[in-house]
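Asker: Protein sequence lines, in the order shown, are assigned to chains A and B.
The opening residue of the first sequence carries number 1 in the numbering used here; numbering runs sequentially from there.
The opening residue of the second sequence carries number 1 in the numbering used here; numbering runs sequentially from there.
Check each hint, because a few of them may be wrong.
Claimed, not checked - Taking lysine to any residue and the SDA-like style, the derived pairs with C-alpha atoms no more than 20 Å apart in a straight line are:
(1) Lys401/B / Gly121/A
(2) Lys73/B / Ala109/B
(3) Lys111/A / Glu409/B
What the hints assert, rightly or not - Have a look at the derived ranges for each label pair, beta carbon to beta carbon:
(4) Ser308/B / Gly68/A: 49 to 59 Å
(5) Glu128/B / Lys213/A: 57 to 67 Å
(6) Arg134/A / Ala49/B: 55 to 65 Å
(7) Glu24/A / Met21/B: 17 to 27 Å
Just so you know, the hints here were simulated from the structure itself, not pulled from any lab data.
Ideal placement from N, C-alpha and C gives every residue a C-beta, glycine not left out.
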Amino acid sequence: MSDKIVVAMSGGVDSCAAALMLHEQGHDIVGVSMQVWDYRKNGGSSSRATCCAPSDFDDARTIADEAGFPYYVFDFEDSFREGVITPFVNSYLQGLTPNPCLDCNRKVKFKELRQRAKALGASHVATGHYAQIRECADGKLALFTSKDSAKDQSYFLYAMTQSDLASTLFPVGHLEKPAIRQYLDDKGFSVASKAESQDICFVGSTAGAFVEKLATSAEGSVQGTGDILDGSGDKLGEHRGIHHYTVGQRKGLGLSNPNPLYVLNIDAGSNAITVGEKGNLEKAGFIINDANWTSGEIPSEMRALVKLRYRHAGVPCILTDLGDGRTQAVFCDDWSAVSPGQAAVFYKEQEEDDGSRQIFGGGIISKEEYV
Amino acid sequence: MLYELIDISLVISTLLDKHEMPQGRHIYLDANASATMRQSVGALLQRSANGALGANPSSVHAGGRKARADLRKAREAILNLLGAPTANLVFTSGGTEACNMMLTGFLGARFDGVHIISSPVEHAAVNEVLLKAEKHGAEISYAAIDDSGRVNADNVFSLLQDTTQLVCIMTANNETGVIQPVVEIAKMLREKSYKGLIVSDFTQAIGKSDIQASDLFEAGVDAIAVSGHKVGALSGIGALIYQSSETCRLFDALILGGPQEKGFRGGTENLLGALSFGAAATELQEKLEEELISRKYLREFFWQQLSSSISDLKRYGSEPLLSNTLLIGFSACNGGDLVAAFDLSGLASSTGSACSSGKQGVSETVKAIEPDAALGKEVVRFSLDWCTTKADIEAAVEIIKNCVYSVRESRAVA
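With the rest of the complex left out, here is chain A:
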């Protein structure tokens, strides 16, 4: 590893600790904060539940000043708007469920960080993500879940390639959250007791309200109320606008039924939502396009544990490469609900001795159905 490392600092506990640890290990680091969202321009409050408020960067700046390493705030607003906000809004308008944290990590955060690293002559980037990178027996690098399994963020990092892994560091991935807070507290930094940032960093209230506010400026606009249909196409009720719903949603439908009803499908074209009981939601398998495999090799057929959402426990499946960049995943046990637009991330079923689990890769669940 050469000289400089660019460390992404959000001002949160994890990234502050990551930067400080690398600095104390003797690395030549440059702290960088990404301003992705301007609160003043967008009428938000500077509540601590979200990110990019001016006070967040104060914590990062304090660490940098105290430790004595350079620190800059870079304006990522355009990149973030194009790579995260606009797709987020458009997904809802099209009846898909986006995951902006995935888009950010894939298209904005690391890409922009790496560009800054190159511009500033740094060889590596580092973040406060909970994940681990290790070298395998065959000399390839692999991504593993973090020591603190409750905090593991490997789900968002499935798109990392060998080249990415070789130039990235996750200094806190092998630690547990309480230890990280303790580390900062021991050094006298008040950021040690900072609250976690929950949910999506730029959405103040609900995603639906956010989309409504922004959709006027995005391509397309918010459609009004429409029909809620059952599987046979009969109307059951009215929806508030498809951007307020996501596939798999159960709450807020305003319908009465002996069994809970779930959103099965959102059709932007007809402005209709189809609902059904849980059984209809679940599928035997799904297709993904453009999967990324961290090893760089496409597996022809193998068994893996798949997470269908960030907080999903994971279920076993069989992966098959279909060619043309398409991969099929078939559940081994019970059928599961899948949401097109969400990422499916594949893990090794067998845990390592230390409890961590290797990530194979993942991709976005397609609307194309598995039959």
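Starting from the known structure of chain A, fit chain B onto it as the hints suggest.
Answerer: Positioned in the frame of chain A, the structure of chain B alone reads:
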């Protein structure tokens, strides 16, 4: 008097210890943000540490009298530098407070129904006050600017209304270095019988141009604002300078308290700050002509070196300009990235006004002179200091060449 022996050096080292500048050469080209402290100011600090300063200038005793006398000398030195020995000077906490005072004070802080003419390239210390005035019922018109960010007298005049009570145009822009035709504007307005106020933010013009405040006052300007740290005095000191005029009787002070500064600004005067401003002004009086010539020469040398060794540069701002400012667009680069890269190599520069929110965004002034938003992001400002040498410039050129190369490489599409 009893003296307690305290280890001053220990106190100072506790305050400064963790914030030492990194090793290596430092080239400072951000003088428009703040100028390096002048030698005479350093000497003043030494003397004051040894007890040479007087006491509270309002006090009756010997200490107070000495302070008052020194304050008067500092006042005179600044007015002499500006060529206006008979004007009135009110010490303030800085250029921002002076701007606030000149905008609100002479109007008696009454904005309802008032029409104000200004420019779109003023500093935040003027802009924010105008925005507040608008909220309180004022109507603001912004004069058009050319692609150098310069206003013209005809355009300002065309905006004049019966309700116009205040015209505020800065003498020189902090980001572009462009000098505004304030004398011409004032003359024209007065010839056309405009009886309202004309004020100007003079903070960047002092020490970097040969414009004298007397030129402005003779043309009909009522008041100007200046700042100490822009000329190498301490920060935390500025001044509002005004001609005697009928309008002063209505002056509504911003800071109320004691009767200091003839009731224009309450509070014990920042004696050390004021004396440092006076010392800097005295030093500058000797050196101004020489500094103007050498800074302009170095600035042009800088530009010539850069443009002949780096491709695709765009220079902003046409003469007349401040002697020291160079605003350049670096094609296929990001100004913020460049400023960071320069900093890591020991070169200090900026993307715009230092008074922005701390993020490297595009300032309003740059947006005004560079209509292409993408090009606006490529801009970096270099402002040479009074002590910048040719060796500094040569070293800066090397750093800039290397960093521009790295930044362009990093942004090239793979």
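Asker: Would you mind marking each hint as holding or not holding in the structure?
Answerer: Consistency of the hints with the structure:
Restraint check for lysine 401/B and glycine 121/A: the C-alpha separation of about 14 Å stays at or below 20 Å, so the hint holds. Our distance criterion of 20 Å between C-alpha atoms is broken by lysine 73/B and alanine 109/B, whose separation comes to about 31 Å. Taking the CA atoms of lysine 111/A and glutamate 409/B, the gap is near 14 Å; set against the 20 Å cutoff, the hint holds. At about 37 Å, the beta-carbon gap between serine 308/B and glycine 68/A misses the expected band of 49 to 59 Å.
A hinted range of 57 to 67 Å for the beta carbons of glutamate 128/B and lysine 213/A is inconsistent with their spacing of about 27 Å. Range check, arginine 134/A to alanine 49/B: Cβ separation about 58 Å, and the 55 to 65 Å hint holds. Taking 17 to 27 Å as the suggested C-beta distance range, the pair glutamate 24/A and methionine 21/B conforms, at roughly 21 Å.
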